[in-house]
Amino acid sequence: MKILLVEDDVDMSKVLVRTLERRGFAVTPCFDGATAFRLIKDAVADLIILDLNIPILDGLHILQRARAQGIKTPVLILTARGAVGDRVAGLNAGADDYLAKPFDLEELDARIRALLRRQIGNDESTDQKCGDLRYERSSGAFYHGEDPLELTPREYTLLKALMAKPGHAVKKERLFQLVFPADEDAQIEAVEVLVYRIRKKLAATKTEIVTLRGLGYLLRAQRLDRP
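The opening position of the sequence shown corresponds to residue 29 in our numbering, with each subsequent residue numbered one higher.
Hints were generated in silico from the structure; no laboratory data involved.
Hints are not guaranteed to be accurate.
Said to hold, decoys possible - Restricting the straight-line Cα-Cα distance to at most 16 Å, the calculated cross-link-like pairs of lysine to aspartate or glutamate (EDC-like) are:
#1 188 - 213
#2 157 - 174
#3 200 - 174
#4 228 - 183
#5 234 - 160
All of these numbers come straight from a predicted model, not from anything done at the bench.
My request is simple: use the sequences and hints to build the entire structure.
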């Protein structure tokens, strides 16, 4: 499981990264609000640990913007603001849990795992839909109606990344990293080839992949004025 750690205290960040990685998590550290919001939009993590007192953009502001854009990644607020009013403000902004500093590392680990279990349960109970394309979380398969969509492993990985955020652009570079993580011979243009192939397979699903120059690709339901 991947965690985005937003904490501007470098020493604390190092301790948390080391501790969480020893417990089997992949941790991406981040030290300011602007970078954090960009990474959150890029969907780099399964869970976000968010400090409130961070430079450039305050943690509460980041959380409010993320939820307003439909980003549902679980958020655990980790902060020195321990007053009841601060906790209520964090939860009302969209946080899933709140842990005040100082804290016990065992409690942090337990809360993280509880949030991830809850997220997995939610993901498996609800299918995703875009147009007539359906992603069945329980089986991990794509369907057009009741017919499974035949995809190669790389096509599947790319389409799943787009399906995770319908209507939101995913950068070509990010897709390349996901689809070709260890292929040193692959070129980024290979993403274009995969998109072309997937488009052909989506032709009857009333779903389309849109190219946004300089931004990447997004998946959306086909517009009603399109044939």
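Handout entry: Violating hint indices (sorted, rising)
Key = 1 and 3
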